[in-house]
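Visitor: What follows is the residue order along each chain.
2 protein chains.
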Amino acid sequence: MIGNEKLAVIGLGSMGYGVAASLLRAGHAVVGVDLNPARAAKFRDAGGMDGALSDHADSLDAVVCVVLNAAQTKAVLFGPDGVVPRLRAGAVVISCATVAPDFAKQMEARCTEAGVLYLDAPISGGPVRAADGTLSVMSAGRPEAYSAARPVLDAMAADVFELGAEAGPGSAMKAVNQLLVGVHIAAMAEAMTFGMTQGVTPEKFLEVISKSAGTSWALESRAPHVVAGKYFPHSAVNIWPKDLGIVLDIAQKAQFGAPVAAAALQQFLAAQGSGLGHEDDAAVAKVYARNAGLTLPGQGT
Amino acid sequence: MIGNEKLAVIGLGSMGYGVAASLLRAGHAVVGVDLNPARAAKFRDAGGMDGALSDHADSLDAVVCVVLNAAQTKAVLFGPDGVVPRLRAGAVVISCATVAPDFAKQMEARCTEAGVLYLDAPISGGPVRAADGTLSVMSAGRPEAYSAARPVLDAMAADVFELGAEAGPGSAMKAVNQLLVGVHIAAMAEAMTFGMTQGVTPEKFLEVISKSAGTSWALESRAPHVVAGKYFPHSAVNIWPKDLGIVLDIAQKAQFGAPVAAAALQQFLAAQGSGLGHEDDAAVAKVYARNAGLTLPGQGT
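Keeping their order, the protein sequence lines are chains R and C. Heads up, the first sequence is in the working numbering, so the first residue is 1195 and it goes up one at a time. Heads up, the second sequence is in the working numbering, so the first residue is 1195 and it goes up one at a time.
This is chain R alone, in the form it adopts within the complex (with noise of 0.2 Å):
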């Protein structure tokens, strides 16, 4: 497949870098852009174009928005440097942040003010995925929006769920997906840990559980961090205090309690108030151990 778009991707961290290599993979010209200098001339290394992105804005096809949350993708949109007010009408923005659905709603708005076309596009599927093009993207948006945004979804996504003529849907599903993976995470802690008080060991309970009722895909991707030790962040722990924010703020707007997402925010947030925000998610285990005086693999000896 050889691409003959010209795109900008907005955030280049584990998951826009990813996006960017796999634009380019597919033949695409495409100009990656980060506050971080490093990534960006990581990116140019690697094949991305020359030039800032005011120096292309003006004959971009679509803009991927690989941002971490809604201030940052409305900084990047519409802020004192934000890119819409430079896009040629038709371009396409995909959004591809977690936020709130009717945030989502507003930057459609404001796009379409500015004759720019918009797609909902929250992604999942981790650093890995993206970094393969096979991401799962769950989207919304106008069948203009999709029309533009054909060529950056194959190229970065194996799965486009399409939920919606109007922005928002795509981020009601991911919210919903938030909220069980943030869940099944901390469940997963919470689990293998007590196995640990009644002599099961991190081992054992990966072995018998993966194959067994109790089993979830966060579990069986986060648990085996666990059971190594290794808390790289392919995902951080300080996901979740955001995602979970997000819904159970989205939630309390709607008079709908949440108390197991509510709880689960809870333990991350100690991950997080304790110092592993950085960590890799399945962090949260600290959590559960330090509170039972428990020793982890890699912990101590």
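Source of the hints: derived by calculation from the structure; they are not laboratory data. Among these hints, one or two may not hold up.
Pairs count within a copy or across copies, as identical chains cannot be separated in the list.
Here are the simulated lysine-lysine pairs, BS3-like style, with alpha carbons at most 25 Å apart [stated by the list, open to error]: (1) 1436 to 1405; (2) 1436 to 1236; (3) 1398 to 1200; (4) 1447 to 1398.
The hints should help you fit chain C onto chain R, whose structure is shown.
Guide: This is chain C only, laid out in the frame that chain R set:
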């Protein structure tokens, strides 16, 4: 495979009946025992042996105990009409209820005193796999107990996890598994109904999340019941106050805090307290729906 053992199955509920039928199918001679005479009669009609447990006890090779909890287990083994004192030396008790590890150790000790072998053997997999003879067994016991139990395990289970050389670790792993399944069912219900407040239908939830990072075995098993509005009890709400109660009880004895499991338990208690105890455990979704003014599939209209 033609079995040649003489066996008893005590407890012919949805799990026990399936186990007993699997043992019959493997060619063993099986007496089925239940407080409900209709269940016992149904099993005799299906090929079970005539006569009461007391008629057969002294010639049994194994007793499979598939009752609800520790109190019933103790009663059928050592109560006024308990079977253990009537068993021949070297017969094996295969104890399948979810119980605390310490209780399993006590039962093993009392069986040993009586010259009887004991296998700590909680089962997992649900009624369909029980009927198919493809359960998972989380087991522990002496090598002699495994040898004596092997023909039974072969007929009832697809996976036998051997977790220790004396009773306890089987029940410990089952408790760990139940912590996760209970949390995952409550989280499924919470996420599905939260999604409804954000415009995500239960059907779309199941379609997308079952293929996304938010999935779990429990979600894939139970979410279809809510989507279909069918609450025939494959596994009832009433199971969870019992099993999560065991988890939190042994956790507390180990000074282990399990806030996510505790939050999930509250939701099952609300389901039980509001009259849903005998419905499928997916009916915990009705608690969330009622609290949020939502209408689930099959409700109302």
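Visitor: Indicate, hint by hint, whether the structure satisfies it.
Guide: So, going through the hints one by one against the coordinates:
1. In this assembly of identical chains, the alpha carbons of residue 1436 and residue 1405 lie at most 25 Å apart only when taken from different copies (23 Å versus 31 Å within one copy).
2. Taking CA atoms no more than 25 Å apart as the test, residue 1436 paired with residue 1236 passes in neither setting, with 28 Å inside one copy and 56 Å between copies.
3. Proximity of residue 1398 and residue 1200 under a CA criterion of 25 Å is satisfied in neither setting, with 50 Å inside one chain copy and 34 Å between copies.
4. In this homomeric assembly, residue 1447 and residue 1398 come within 25 Å of each other (Cα to Cα) only across copies, at 22 Å, whereas the closest approach inside a single copy is 42 Å.
Going down the numbered hints, you'll see the structure goes against 2 and 3, while the others check out.
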